[in-house]
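Participant: Spelled out, the chains give:
There are 2 protein chains.
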Amino acid sequence: MVPLYGGGVDGVLRVRDLDEEALLAEFVPLLPQGDAEVPVGDDAAVVPVSDGRFVVTTDVLVEDHHFRREWSSGADIGWRAVMQNAADVGAMGAVPVALVVGAVLPGDLEVEWVRALARGMAEACGAITLETGAACGVVGGDLSAGDTVVLAVTAHGDLQHRQPVLRSGARVGDVVAHAGTLGLSAAGLAALRAGREGHDDVVRVYRRPVPPLAAAVAAARQGAHALMDVSDGLLLDGGRMARASGVTLDLSLAGLLDPRVRAVAQAAGVDPLPWVAGGGEDHGFLATFAPGTLPAGFRPVGRVLPRGGQPVLVDGATPTLRTGWDHFAGG
Amino acid sequence: MVPLYGGGVDGVLRVRDLDEEALLAEFVPLLPQGDAEVPVGDDAAVVPVSDGRFVVTTDVLVEDHHFRREWSSGADIGWRAVMQNAADVGAMGAVPVALVVGAVLPGDLEVEWVRALARGMAEACGAITLETGAACGVVGGDLSAGDTVVLAVTAHGDLQHRQPVLRSGARVGDVVAHAGTLGLSAAGLAALRAGREGHDDVVRVYRRPVPPLAAAVAAARQGAHALMDVSDGLLLDGGRMARASGVTLDLSLAGLLDPRVRAVAQAAGVDPLPWVAGGGEDHGFLATFAPGTLPAGFRPVGRVLPRGGQPVLVDGATPTLRTGWDHFAGG
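Protein chains in written order, with the working numbering: chain H, 1 to 331; chain E, 1001 to 1331.
Looking at chain H on its own, in the form it has when it is part of the complex (with noise of 0.2 Å):
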């Protein structure tokens, strides 16, 4: 098939336009390579890293499951796509080095889309190398007709000769503690979901999540027993790193509303505290240190108990918040 770049009947250049090469030559000059050795082009990419293992981390996000075309740009789930997998790695107190992206397509979508979504990944990458001091770039990937777009990002992470820091080692007697913001994102997403202006702060990080990795190196390096990416919220994700690790986890909301999270709850007429609790995808970090060890851009949230009858407590009692996220179950 001869790419027609002159653009379909409507004159909008679409993806069933391109042939997979042209597709192709339109996506990775925009995406910053890293420090590969062998970079995109070959029938795999080399990557280097400081010792002998890598760390790797995937995600998934479909669109209308995970994103809409409408509460965000190409760009900003390009940017989404590349930080909710650097926060993996980075929660393994590793820095991310290298991703790979598979996309699925459907020919009625713009190439202009399709360019934006590489933009949104190369600011992401950027942003991180900024962040980390290490050269961040996406080294391959794959692109496939379909009927919905599916984002499928892998990502890769150098440990810099630090062990991994693992979601299981918290002791009991552990501070508790959190780096990033609480429940923007998820304010965000409510503004979106009705309509709601005014409120472009918490918009932008339910758009451009930005995990705090330079925390989570920092972390990693004053030896945090635990670490851990808040993905589906305080509670729930606490509970898997309690769980993991044998204890109970005694948190305390207090102090973690944050004012922009209030306003949105004000505006909307609601209680801001399961956004807070419950809310993901402000990919913060959760760490558990040794009292007295933490490392800047952490703040203690509670405090390493025993294993009890929950996994997770909310000062001292039985939380009676939403919990979470399942991606199946939708709530």
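Rather than coming from a laboratory, the hints here were simulated on the basis of the structure.
What you are looking at is a predicted structure, and each value in this text was computed from that prediction instead of being measured.
Treat each hint with caution, since some may be false.
[To be verified] DEER-style ranges, computed between Cβ atoms:
#	chain 1	residue 1	chain 2	residue 2	range
1	E	R1299	H	G41	26 to 32 Å
2	E	R1196	H	E37	42 to 48 Å
3	E	E1037	H	E37	19 to 25 Å
4	E	T1293	H	E110	33 to 39 Å
5	H	L130	E	G1316	50 to 56 Å
6	H	G223	E	G1292	26 to 32 Å
7	E	Q1163	H	R243	43 to 49 Å
[As the list claims (entries may be wrong)] Taking beta-carbon pairs under 7 Å as the criterion, some of the chain H residues facing chain E (in silico):
#	residue
8	V40
9	D42
10	A44
11	F54
12	T154
13	L294
[What the hints assert, rightly or not] Computed list of chain E residues with no C-beta within reach of chain H, every gap over 12 Å:
#	residue
14	G1133
15	A1134
16	A1194
17	V1270
18	G1316
Even glycine gets a Cβ: it sits at the ideal position worked out from N, Cα and C.
Start from chain H and add chain E according to the hints.
Facilitator: Showing chain E alone in chain H's frame:
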């Protein structure tokens, strides 16, 4: 949502009857973990490699574009998803050691199909481990709801202190050689499409391709100048190698027609050569070597000439056959 372990109204357990955690519990325990230092279960996996670098490649398979559930079992599709990525790793001269899998699964899909998918992936990992001597496993993944089955597999390889073998290294005077089968997968797919029975041998290659990974490693050890996976057909992929290397490949198809391919073509009353020259997905390897250095498993299929007007010639002439597969243009 409480998992309905008893199944839905018709007594069949479907994806929508389970939440994400329950679905993962059906899938993950079936998979080998290879030599992962941190396996499935944390924010990310940690995988050791022999030297300070890793090989990475990704492929997306979309239902009704890359596979049909009526032509392949879940186990077959899992096998193929692993093997086609493993072939890309082998094509760098590396051994596949770790994969991550992103899967989009419709709610009405039977959970037994998902289990079969995992079993097929596990079988493929087992076959790779036997072939290469290096443990290969599935170290991470993400399952999501969606309308169509999509599998996004990312495979990682260990170069075992060898230099990667690129597709761009072919030199004038080299012997072009191929390892593996040619046209069997395409003949098998044609037999399935036509509903033609009695061609189990070629149908099996379509459903369960076996890339000759040990031959690819032998090629790298032997100092192959160029190496790549043949996934879109000998002429199309040969053209890619030729363009990347700045040369022309003069191929000969004489002797490449497998009697099993001939049998399907005779039954269908068609010319088998387009399957041999343009059929992909046998996942053999194309390589170039200095004359006299072919390792076991490779047979000569042509010579490297100075760059001419065409990237690929067949017996010295411009090829007239259909030359391969484009996933967006559809053929």
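Participant: What hints, given by number in increasing order, does this structure fail?
Facilitator: Violated: hints 4, 6, 8 and 13.
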